[in-house]
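Enquirer: Spelled out from the first residue to the last, the chains are:
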Amino acid sequence: MKVSKIEVEHIAKLAKLDLDSAEKDLYTEQFNVILDYIHRLNELELESVEPTTHVQFLKNVFRKDEVKRSGVEFLKMALEAAPERENTFFKVPAVIE
Amino acid sequence: MELYKMTASQASEALEKREISAYELALSFLERIASVEMYVQGFLYRVEEEKVLEEARRIDRIIKKGEITSPLFGLPMALKDNICTTGIPTTCASKILAGYRPPYDAHVVEKLKGAGAILMGKANMDEFAMGSSTENSAFFPTRNPWGLDKVPGGSSGGSAALVAAGEVLYALGSDTGGSVRQPASFCGVVGLKPTYGLVSRYGLIAFASSLDQIGPLTRDVKDCALVLEVIAGHDERDSTSVPRERVSYSRYLGKEVKGFRAGLPREYFAEGVDAGVREAVLKAVKLCGGLGVEIEEVSLPHSPYALPAYYLVATAEASSNLARYDGIQYGFRARGEERLMELYRKTRSKGFGREVKRRIMLGTYALSSGYYDAYYLKALKARTLIKRDFEKAFEKCDFILTPTSPTVAFSLGEKVEDPLTMYLSDIFTTPANLAGLPAISIPCGFDGGLPVGLQVIGRPFEEGRLLQLCFALEEELGIRGIIPEITAERGGKENVQ
Numbered sequence: 006m007k008v009s010k011i012e013v014e015h016i017a018k019l020a021k022l023d024l025d026s027a028e029k030d031l032y033t034e035q036f037n038v039i040l041d042y043i044h045r046l047n048e049l050e051l052e053s054v055e056p057t058t059h060v061q062f063l064k065n066v067f068r069k070d071e072v073k074r075s076g077v078e079f080l081k082m083a084l085e086a087a088p089e090r091e092n093t094f095f096k097v098p099a100v101i102e
Numbered sequence: 191m192e193l194y195k196m197t198a199s200q201a202s203e204a205l206e207k208r209e210i211s212a213y214e215l216a217l218s219f220l221e222r223i224a225s226v227e228m229y230v231q232g233f234l235y236r237v238e239e240e241k242v243l244e245e246a247r248r249i250d251r252i253i254k255k256g257e258i259t260s261p262l263f264g265l266p267m268a269l270k271d272n273i274c275t276t277g278i279p280t281t282c283a284s285k286i287l288a289g290y291r292p293p294y295d296a297h298v299v300e301k302l303k304g305a306g307a308i309l310m311g312k313a314n315m316d317e318f319a320m321g322s323s324t325e326n327s328a329f330f331p332t333r334n335p336w337g338l339d340k341v342p343g344g345s346s347g348g349s350a351a352l353v354a355a356g357e358v359l360y361a362l363g364s365d366t367g368g369s370v371r372q373p374a375s376f377c378g379v380v381g382l383k384p385t386y387g388l389v390s391r392y393g394l395i396a397f398a399s400s401l402d403q404i405g406p407l408t409r410d411v412k413d414c415a416l417v418l419e420v421i422a423g424h425d426e427r428d429s430t431s432v433p434r435e436r437v438s439y440s441r442y443l444g445k446e447v448k449g450f451r452a453g454l455p456r457e458y459f460a461e462g463v464d465a466g467v468r469e470a471v472l473k474a475v476k477l478c479g480g481l482g483v484e485i486e487e488v489s490l491p492h493s494p495y496a497l498p499a500y501y502l503v504a505t506a507e508a509s510s511n512l513a514r515y516d517g518i519q520y521g522f523r524a525r526g527e528e529r530l531m532e533l534y535r536k537t538r539s540k541g542f543g544r545e546v547k548r549r550i551m552l553g554t555y556a557l558s559s560g561y562y563d564a565y566y567l568k569a570l571k572a573r574t575l576i577k578r579d580f581e582k583a584f585e586k587c588d589f590i591l592t593p594t595s596p597t598v599a600f601s602l603g604e605k606v607e608d609p610l611t612m613y614l615s616d617i618f619t620t621p622a623n624l625a626g627l628p629a630i631s632i633p634c635g636f637d638g639g640l641p642v643g644l645q646v647i648g649r650p651f652e653e654g655r656l657l658q659l660c661f662a663l664e665e666e667l668g669i670r671g672i673i674p675e676i677t678a679e680r681g682g683k684e685n686v687q
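Heads up: the protein sequence lines correspond to chains L and F, in order.
With the first sequence counted from 1, adding 5 to any position gets you my numbering.
With the second sequence counted from 1, adding 190 to any position gets you my numbering.
A portion of the hints provided could be inaccurate.
As a list, the in silico DMTMM-like pairs of lysine to aspartate or glutamate whose alpha-carbon atoms are at most 25 Å apart [stated by the list, open to error]: (1) F:Lys-540 x L:Glu-12; (2) L:Lys-69 x F:Asp-588; (3) L:Lys-73 x F:Asp-428; (4) F:Lys-473 x F:Asp-588; (5) F:Lys-285 x L:Glu-89.
Computed footprint of chain L on chain F, listed as stretches where at least three residues anywhere in the stretch have a Cβ under 8 Å from a Cβ of chain L [stated by the list, open to error]: (6) 428 to 435; (7) 538 to 552.
Partial chain L-side listing against chain F, Cβ under 7 Å, derived [to be verified]: (8) Asp-23; (9) Ile-43; (10) Leu-51; (11) His-59; (12) Val-72.
It is worth saying that the hints were derived from the structure and are not from the lab.
Don't be surprised by glycine CBs; every beta carbon is placed ideally from N, CA and C.
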């Protein structure tokens, strides 16, 4: 089950990463080495095994649906590190084509 | 004795008895940093000297009033740079967060502040905690105080090196696949990864949410217990934080260990472990036996599958967690892009380093349509089997002893070109993350002048007994808080206190 350069291009697209040709070659090669090692998982009989997504016994940890932080101070804090902003908005390039 | 050579508990006692002041202590560390940091390069950011001393004076005023709130009061420490500190740069050693100053403190930071800790700075790391050598830092690598041409390990390499070099009394790191324990092992310090859910991850910049845990790096086992006491505990802001009674871990230290049962998993002592490492670890195991601990061989048959499972689970979770770095709300934003998608791609491509990109893509692949079952789901099932192995072993024994790493610290540049070789450094540490178990590395000897670490794994939430065993063993080993002499010529000569 080898990964092709075309598949690497597809993955990069999904991950929103731009790769140049040299990088695509390098990653394709490295991917295959890593996946080769990972393929040993195929030695396992996993048909009847349940997946573990979470090691603890916790389930549905909820809190009351009440507003904890809001207002001008909170807004200021949220916008503080914005690379570009206007008033109380994060400024971004055109979203609609 | 120069004050920086004391352990945290020694310094704490001296402060309480008014034998020294917090000001004098802070000054000693600032002087130590001034003389060795240029060689070690453990800090990404240092709090200004004047601010440190001002804080120390404030602490002294409180001590004078007799209002010490904790054994960590007035002690200088460092935090791995993926732990959020208000107004202080928190970059995860990545260009994509260069200059980012969080508007809030992580839970553990709030706890340490409340305990009177003095922050000296933020510690270097592998970018986004992805790495085993700190060479993946986007800024510069940190050097091992025991050999300046060697790596300190990773990803909490900066934290481990700073403690080993005597630049801070203790540090916090994070451990997803071994990132506290392996650098502890390489740098000759104590490093603990708590049970998953014991320490809140609120404010820890996420890599793999089902694996990450914050843990202390300290000079000795007692210090580790003291730090853990402060940072452990339920936090409702972390939904994976477990509600449990608070434990006084230091009360376990000094208790009898006779009758404890320790298991040596045969899979961890097979080929691939350096001879010098195996020798030092087995020597420590023998000393354990001398303390009345029953040693027996156990088997963790699914061990060979832990690392491959880890590199699917962790990268899959990382691909999701790192999707937020898009140049919109914080961090680096690529300039001159007129369309949103271009902005995302340019920002991420310029902002992330090679290893981060590699892992994001691996994770994306493992989760993508057509491959989810073949990779990610398989890994989650393997995880179940690995967890079961431990549960079975813990029916026969209370602790599992292994080498922390198959080798001692390797040279800078030695493994950077070969990702898989680098990944194999974590072969003994990843199982405890997958199973959510507490695991600690303590220094147990040297091989060619470089520290060797012994790993001890315990049952969930049994950190008390884990520390109890390690405290007794540390006493027998006689290797505690040794700070190497660090000069331009060499950073490896022992300088026993």
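Enquirer: So, for every hint listed, does it hold in this structure?
Expert: Hints versus structure:
| no. | hint | result |
| --- | --- | --- |
| 1 | F:Lys-540 x L:Glu-12 | holds, 22 Å |
| 2 | L:Lys-69 x F:Asp-588 | violated, 40 Å |
| 3 | L:Lys-73 x F:Asp-428 | holds, 15 Å |
| 4 | F:Lys-473 x F:Asp-588 | holds, 20 Å |
| 5 | F:Lys-285 x L:Glu-89 | holds, 17 Å |
| 6 | 428 to 435 | holds (count 3) |
| 7 | 538 to 552 | holds (count 8) |
| 8 | Asp-23 | holds, 4 Å |
| 9 | Ile-43 | holds, 4 Å |
| 10 | Leu-51 | holds, 4 Å |
| 11 | His-59 | holds, 6 Å |
| 12 | Val-72 | violated, 15 Å |
The structure is inconsistent with the numbered hints 2 and 12, although it conforms to all the rest.
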